[in-house]
Every structure is written in C-alpha cells, then in structure tokens.
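Now that you have both chains on their own, put them together as the hints suggest.
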Amino acid sequence: MATTLASALPIDAAAVRKEIGKDNLLALWKDMLLIRRFEERAGKAYLEKKIAGFLHLYIGQEAVATGFYAHLDSRDASVTTYRCHAQALLLGLDPKELMAELYGKVTGNVKGKGGSMHFFSKEKKYLGGHGIVGGQIPVGTGAALTAKYRKTGGVSVTFLGDGASPQGTFHESLNLAALWNLPAIYVIENNRYGMGTASHRAVSVENIAEAKAPGYGMASFTFDGLDLYASWKTAQQAVALARSGKPVLIEAKTYRFRGHSVSDAASYRSKEELAEYQARDPIERIKADLIGEKWLSETQAEQIDEQVLTRVQEAMKFADESAEPPLSDLTRHVFAEE
Amino acid sequence: MTVTRLAHPLATRRKLEPKNGDPINGHKGIILGDGTQLVSMRMALCQALFEEMNRDDSIFVMGEEVAEYNGAYKVTKGLLDVFGPERIRDTPITESAFTGMAVGAAMTGLRPVIEFMSWNFSFVAFDQIISNASKMCYMTGGMFPIPLVMRGPNGAGPRVSSQHSHAVEALFSHFPGLIVVSPSTPYDAKGLMKTALRQNNPVCFLENEMLYNVEQEIPVDEYLIPFGVGDIKREGTDCTIVAVNRSVHWSLEAAAELAKEGISCEVVDPRTVKPLDLPLICESVAKTNRCVVVEECYRTGGFGAEISALLMEHSFDDLDAPVQRVASTENPMPYAANLERETLPMPHRIIAAVKQALYR
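Chains as they are written, first to last, in our numbering: chain A, 1 to 338; chain B, 339 to 698.
Errors might be hidden in some of the hints.
Claimed, not checked - Heads up, simulated DSS-like pairs for lysine-lysine below, C-alpha to C-alpha not over 30 Å straight-line: (1) Lys-151/A - Lys-532/B; (2) Lys-532/B - Lys-148/A; (3) Lys-317/A - Lys-30/A; (4) Lys-148/A - Lys-412/B; (5) Lys-122/A - Lys-532/B.
Keep in mind the hints are simulated off the structure, nothing from the lab.
Okay, chain B solo, but in the shape it has when bound (with noise of 0.2 Å):
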C-alpha cells in the first residue's frame, strides 16, 4: 500500500459548526461532496470503531462511562444506539478487571477494544498488560495472540497536574510485545485504529485530550494506515524534527516560526512509536544533518533517548551536530499555569534546539 504524503494538511475549507455549543461528534463526518469529509479527530476515531464494529461482529468496545454516557471524551457517542449494549459496554472503575477480561476474551475469540479513561488510570491495569496481555502469544508459543486495542487519551490535559498528565509512549514501547500507536491527526487516527482493528495483537492507541477536536478534511471512501509507516507533516531542509501525537503540532507551530527566520525544518511523524519507520528518520537525517526529537514523554529513557540512539547506530555520517531531545521536564506535572507550560516540549523551547542543532 503507498501512502501519499503531505496529502491531508491540517488546514481545512470550513470549520466544524458546534451544536448548541458542543462540538460535533458520532461516527458521521460532514460530507463535503468531492469525495472527501470533515471530521475531528474524535469524530474520525468513532467513524473507524463504526465501521469495523459493522463488519466484524467478535469486536467490542469495554470500558468506563463508554456506552450511556458517550465516552468521557466522547469518542465512542452514538454507538450504544447503533450497536447495544453487549458490544458498547459500561464497566465500574476496575480497570485491572476489564484489562484482564479483555485478555480472556481475546484468547477466546473476540476483539475487545478497551477504553482507559485516560491512559493515567492504565497503570491501575499494568500487571494486566504487561503480564498478560504484552507476553501471551509468546509464552504460548505463538497459540494465543491478543487481538486488542486498548485505547484512551494519553498526555497532559488542560491543567489537570501530576496524576492526569502522564505520556506513555516509551513506557509501553519498552515491552516486546506491544504495539505503540501515537496519532497526530484524524486521517492518521482513523486509518491506524481500522488497521488495529484487524490485526492480531495488542495495541496501545494512545490519543490526546488536546487533539480532539483537531478537524482535518479525509477521504470518504475506505483507507487504513498500515503500523510502521511515518509520514512527513513539514518538508524542509535544514533540520529534521521528529515527533508524535500533539508534539507533532507544537513542532510544526516551532517550524513555521523557524521559517520566519529563514530555517527550514522537516517535520517527521512516525505515527507508530512501536513499530518504528527509523528508514524515514534516517531518509531525512541524511537530507538535513541534523536533529531534534520532540516528546511528552520524560527524557530518561524516553522516546527522544531512543530515537538519538538509534540514529547513532544508524546515521552517524550522516549528523553534523548532536541529536537534541526536548522532553517533558523531570517532575510530576504540576498544577500552576506558567508551570505546566515550562514542563511540556512548547514551541519556544523546541525553537531553542533546533538553533542549538545548527549551532546558531
């Protein structure tokens, strides 16, 4: 399958009209009549569960306030009405029991899609993941596969502080086993959960409350995004920005300013942090010769130390200056306005490395 980059830009014709004041969401995007669709990213994540939920009927969706609700983030509104609520399924606050459930009705036969409120409270599950779900297929000898999505929002929310705002990306990444899936966009949203969808091991789809309602106009008709393929959000020429999920926006936001200045930078999504497109990092790297890795993640042993270690292994001759990493700060996230801003990888402080990078 070829991807076409660069083929679903942000910018859109139209916004989304709010309905009395809450944003549009449910699986129905707003047709646009030349074979493409307005949706958020919200909307593109619904629209993907629908249309796999009608063509296989082994998938459900489990989780808290999901179903009569509509998803905490509302995500999944509108599909109680559509699907019932066997296959929309409200739990308690138990995530360890639903995490596990979902292994066990994996094993059996079904592919369950489990919602983490937010990926905070995935930890109250860890042993679930990691001890089951991460090493099944594996320590069965490749009888058991997990065919599971887990999903939820993943990153710092507004102001939310230190138990709200974890990025778990080079967590869940550490694990053999695991899928790590880490979206900017819709179209690259929906394309990568309706290829979750058909796979057959376990995916941890991490979204971002921030992202939701980033609106992008995408195809009507039927695509997927196959895992381990990165897509360039910004060409450019003189440093490579590597990023994910809502750090790919503050560093696009960091390049059109860079831009001003006359440095052009190339912003580098690999959409999949597990697996990873090192080959499109690396195409890049040898264009540009520098590099900088944007992440929420902590800087130890975060995303951006993997990324620079790697391009070390891979693309040594190809850096005329150290890979520079902009990473959360390392401390709980805090409450205080100024505060949280100065822990997350903001623009300002991406501009500030990619200037390091070309030694300016």
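This is chain A alone, in the form it adopts within the complex (with noise of 0.2 Å):
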C-alpha cells in the first residue's frame, strides 16, 4: 500500500533541480552517499560486534535531513531522535569521531560516554541524539526560545518520529511554539512504524502535520520524504516562515529500510512493500538526475563513491585504532566541571 500524498506540496523536480543547481545537488548527493555508506559499514561492524548496544539506522530516510540541514547556517540549531547519525554528518561531523562513538572509543564525538543515540556538537548547535521518544522536542522549543530571547535571527529544527506524535511533550510544545511564536520547525519523519507497530495502530489521523497544525494556530506542510527536491523545497519555505517568528509544523512520508534498529528483523512488514520504497531509493533517483542532466559521469559517480567509501573505511580504521576511555573518566563529567 502506497503512502497517500493527498497532502502533499506539488513539487515541479526539474523546477527545483535547476533552481538548487548542478555544484549543490552534486553536493546534497554526496551528503547522502556519505550518511548511506557510513551507516551500512556501522550496520556490518555491529555484526561484528565492533559496535554494541542499539543501533537505529536512517536508510532510507536521507533525503529528508538532508534537503532540511541545506537550509540552515550556523545561528541554527537542530536536535533529533536516537536515529542521529545523519544529522551530524550533514553538519560537517568528522565520521572519524562519529565511529569511534558507535565503537566506544575515548576519540568518540561524546568521550564514548553516549554512542549511536547521543552525537551532539556545541559548536554547531547539534543538541542531540536523544533516546527517549518525544524527549527532544521540547529541548528543541528551548533552543528556539533562545533564539528569540537574544534576537539572533535563528531557527530550531526538531526532528521526531511518527511514533513521537502522540507524547504529551509533541503537543506541550506545540502549543508553546504558537503562543509565544517562537522560530522553531518540527519535522515528523512519518517511517509507517514506531518500532513494529504501524502508524495507523498508533495515531488516529493519517496525515498527523495537517491534522494537528490547525489545532495549534501552525503552517504545515506534508511532503514525500523519499524525494529531495520535496525535501529541499518544503525546508527553503518552512525556514523562511520561521524566521519570520512563525513556528511550522511539517511531516515527511518517508520510509526505513531497515528495521528499528540492527536487532529488528522487521516481520511486521512484507518484503513487498519494502521492495517498493527501495525502488525509489533517493540517493539512486538523485544520481539518475545528475546523470540525466549530465552532470555527472557513470565514472564519476563511481569515483566518487570510492571516496566516500574510503573516508569511511578511514573513520573504521581510526575507530578500531583509538583507545577505550580511561577508567578515570567513569565519574568525569557527571558535573560539569568549570
């Protein structure tokens, strides 16, 4: 059964392929060959048992933080679920200290104190991988607070689940967001299951951003989350609306291609349907256009995810590499410590 769309913005694809243009599609492309590989090499090292603990992938997924992160600079901030490796890649995130978090290692992007559901960075405002359902959202209001109170002209970005929908902190913070008309955008990654139970057992309106916007006073807008040019094109509206002080609820039909995490076989769902989201692969359809548009070669793509693929293969080697936290760090940082 194929997502409705009834909902969705009309997206022209060669309209906004032209107006993003060739350097940065090649760019957003890169962006998720990047997440892509780093992901499934991380997916294989678990099995190896290099990495340990959940490991929720975003497969699938990339083209919807991608189209979003293309929109923000660095007076924004953004916070997500326990599905976080994408977003700090797309922020600029050495993979190397993102590998070495999943593998444990005391060169990791938080000590190895977190691993694959906490990545963060002061620096670009990344508040987080945050593994409890709906916990960020109302972090992610509070950044947007800040925004406003010191006038910095930024907006928040906070990503969720389907399954985060129906928490009291989704709602909670909507409602603030509208009252006080704070810059902050809320991004429903709708992926059909919260864990094994499908959406429609656990919310009772298909299209939640259109339901529930009304209801909160919000703009809202619903897009096809495997399509970039939808993604690109929904975030360059959602963010200029923030910034004028107007908080904006948005839901992605998107879909994992993988389970919930590495442990999940995903029974739940047929090999049908599966089949049918990875025939509109967005990273593919993206290579396919650039090819399409000839810019860029068979060869060249190749090569490029060579690359890709090495820099990877990079941040695995310096992950295995690196040392495990020294015990004297067990108790370090339960305080903060200036």
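Here's what the structure looks like:
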C-alpha cells in the first residue's frame, strides 16, 4: 500500500533541480551517499560486534534531513531522536569521531559516553541524539526560545518520528511554540512504523501535520520524504516562515529500509512493501538525475562512491585503533568542570 | 570562603509589618541600619533572583503564574515590573514542556530558572529532569553542562493532602548529576540561590511553603554560600540531630524541649543534600556519639537511610547507639488535621527518637 500523499506540496522536480543547481545538487547527493555508506558499514561493524547496544539506521530516510540542513546556517540549532547519525554528518562532524563513538572509544564524539543514540556538537548547535521518544521536542523548542531571547535570527529544527506524535511533549511544545511565536520547525519523519507498530495503529489520523497544525494555529507542510526536491523545497519555505517568527509543523512521508534497530528483523511488514519503497531510493534517484542532466558521468559517480567509502573505511580504522576511555573518566562529567 | 556558624540566628529584634494584611514581599528588605536587613524567606529568595538577574542577562525565570500573578507564593513578586515579560515569563500549565525548554535554553547559552508551583508538579516533568537535565553533561562527555535552577516549595503545605505534600530530597538526590539544595532559613536560602545562579549544573532548589514567612536579619552586603557546606543551627553535646528544610525547625523545637530535661542536642543542617557535608555530620557525631536524622521524606530509601548508612561507614566507632530515623510515616498525606500531624516528623516524635538514642 503506497502512502497517500493527498496533502503533499506539489513539487516540480525539474524546476527545483534547476533552482538547486549543479554544484549544490552534487554536494547533496554526496552528503546522502556519505550517510548511506557510513551506516551500511556501521551495520556491518555491529554484526562483527565492534558496535553494541542499539544501532538505529537512517537508511532510506536520507533525503529528509539532507533537504533541511541545506537551508540552515551557524545561527540555527537542531535536535533529533536516537536515529541521529545523518544530522551529525550533515553538520560536517568528522566521520572518524562519529564512528569512534559507535565503537565506544575515547576519541568518540562524546568520549565514549553516549554511543549511537547520542551524537552532539556544541559548535554546530546540535543538541543531540535523544533516547527517549518525544524527550527532545521541548529541548528543540527551548533552543528556539533562546534564538528569540537573544534575537539571533536563528531557527531550531526538531526532528521526531511518527511514534513520538502521540506523546504529551509534542503537543505541549507545539502549543508553546505557537503561543510565543517561536522560530521553531518540527519535522515528523513518518517512516510508517514506531518500532514494530504501524502508524495507523498508533496515531488517530493519517496526515499528522495537516491534522494537528490547525489545532495549534500553526502552518504545516506534508511532503514525500523519499524525494530530495520536495524536502529541499519544503525546508526552504519552512525556514523562511520560522525566521519570520512563525513556527511550522511538517510531516515527511518516508520509509526506513532497515528495521527499527539493527536487531529488528522487521517481520511486521511485507517484502513487497519494502521493495516498493526501495525502488524509490532517494540516492539512486538523484544519481540518475545528475547523470541525466550530464552533471555527472557513471565513471565519476563510481569514483565519488569510492572516495566516500574510503573516508568511511578510514573512520573505521581510526575507531578500531583508538583507545577505550580511561577508567578515570568513569565519574568525570557527572557535573560540570568549570 | 569561611562560613561563620550561628552568625544568623532566627530570632529577630523586630517583625515585618504586613501591609494591608498581606505579608511583605518583593526583593527589598527592611534596612536595620547596622549593615543588616530584615527579610522573610520569600524576600530573601526574591532578592537573590533580583541581584543575579541584574548582573547576568542570560538569567530568566519561567513557570506558572510567576509574572503577572507575582508567583503563586509571591516569591517572584515585582520582578516582572523590573525585568519585563521576556525575562519573567508566564507559562501555560505544561511542566514537561517548560522543563525541557529550559534544558534546551541552557544548552544554547541561557541560564533558566524554572518555578514548579510546587515540587509535586515536577513529577509531570520527571523525564525532562532525569533523562535530559541530570544526564546531559555526562552523556555529552562534558560538552553540554546544564546551568539550570529548578525551584519551588517542597514538602507538606497546610492541609493539602496526598498529591500536594511530597518531600523530594531523597528522590532527586538519588540521581547522579543533580544538585539538591534544601535550605531552612532566609540567610541560607539567599546565599545558596546566588550560588545556584552562578554555577553550571542543574539544581533542585527545594523551598517550603511553610517557611516563606520565616524572618531573619541578614547582611545587606552581598554574600554567597557554597554547596556542600553545612551549618550548626544549635550547638549541643548529648545527641546530634541532622535535618534540612522545615525539619530543622521541628528539630530546634524538640531540642528546646529536651533542654528543659537536661538533654543537650546539636542540630546540624547540611543545607545541601547533594553535595553533602558529611565531615560536619561526622564531626558532630564524634562529639555526641548519638544521632537522629529527621526528614519529611519517607523512611524507605530516604535521606535518613542514606545518612545512617554513611555514619555506619564513617563513624562506626563513634556511635554509642543505633542511628534513629524520624521520617514521614509510610502513607500518602491524609487531609484530617490529626492524621497529617501524625504523618510528619513533628517534635514529639523527634523527642522520642532522641530519648531512644540516649536509652532514656
């Protein structure tokens, strides 16, 4: 069953492609490719027991975050769920420190204290990777409050899953963002399943943003999350609205090609359904378009893929060779040091 | 910094005169002319907020009824007029959201103060306090310290029954990453609040509705009280009583009664439950060889259980009797006056426990 996209923004792919332009589209494709290769390798490393705990992969959803980060700058904050690798890579964090975090090493992004669900960056205002469903939504709202308080012109983007939309924090945050005219953007990444529960078994409406936004007096957009052009165009409009002090609720209809986490075989969905979405792989589509526009040749595409893979392999080597945190770090950072 | 003990007794030379029947509040104390001012607990807290907000524009206050209503218990009275609605911010009834927003604001450079109208309502925000505020610094490898003050009245109010009478010292001190402050006097409250507003950790600042009108002469000049430094509220030789917050006052009442029978009690007020001034408690027990811990928390897994265990580990050879615990009885707070009184660690129960510790 294909997702109904009755409420989706109409997107003229050719026009958006032209607006993005050759260089930017190539860069966005490379970004998505880096996320994909990073996570494929992380998945393998998990099976080799280099990585433990939870590992939630973003594979299939890359176009959503990629479209949004294309419109953010150094004033802007962002926060997401435990499926947090893509955002960190899109912000330009080094794959080495991210892979080292997955490996539980002292050279990791948060010194081996967080793992897969907790990537952060103070410099990039990346407020994490959060492990409690819905727990990050007020945090993102608070970052929007700071932007307004300090008049920075910044916005905050809060990513959440369809499974978080029934949580109280979601509704409380929307109410406050609208009440206080905060520069806040909420992106529901509806990948159709909250763990193993299909969205229609958890959420009372099919189009979450479209149904909920009017209740809070907010603007809303719905788009095809496998379509980078739709993501990029929606983000462009949402960021402009948020910068003018209007919060926005967005739903991306997307799909995860893997299970909820690496340990989930995803037996709750059919092979046919998965194949249907994989046929619309956002990375393959953009690659085909780049080649079609003669902005990229098959040979160049292969070379770029090789380069990306090399970068990921170097990150894995770095992670493998890094030291575990010293035991003296055990109780360090429970409290602030300054 | 040195702390002068017993420098600020509760007894005052004069009392605040209520205006039109309302208690005096706001941030201005009554200047007494000898370098001291007379303030109530709520004024002391308001004064700390006022002074620190003046020196640091990253501090803002957020909570239910804190601005236009002047605070449910008037702790923030007058601050809206001084600092305006951006910095003194009324929220809807939405504890989970405003607590999480405070975490997000702290992560992006502000110093939020949030008021729980009472700590009972903090339970609605429990996930934000525990999963976000308390762990953020650690799980980011020190990248994101959370300078956040969460404050409000704690413990039993006047006959407000089950859902409005929790004492949360033990609950929140269980979790690594939270500072737990529980002052008993205006002097302590002001000095500790100012410290809370200048440091970079999440602080549970536990006040008490029943103490907001307690008055004290405090210095006009600025002072701060560091966390983890306790205070002797009454010196004595026969038995140590450890208590914080309202329990200090019940302990002082019990100590006064016991003095009439020739029993000399030392009342030790750690002021902060976490970090805890264990050396001060041990020093007192080394002198008295007996200890009673008084708390409004429940006995099971309580503050008294913790102190008792610490004394076993650190002062075993100094103890001449088992440590006694006086806590709230293990029931939700009842409404009936007699049952409420019997639930709380009132002086008559403290007196009995001291006598037990002294085998009398």
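Verification of the supplied hints:
1. Lys-151/A - Lys-532/B: 27 Å, holds
2. Lys-532/B - Lys-148/A: 26 Å, holds
3. Lys-317/A - Lys-30/A: 21 Å, holds
4. Lys-148/A - Lys-412/B: At roughly 27 Å apart (the allowed maximum being 30 Å), Lys-412/B and Lys-148/A satisfy the hint.
5. Lys-122/A - Lys-532/B: 26 Å, holds
When the structure is compared with the earlier hints, no violation turns up for any of them.
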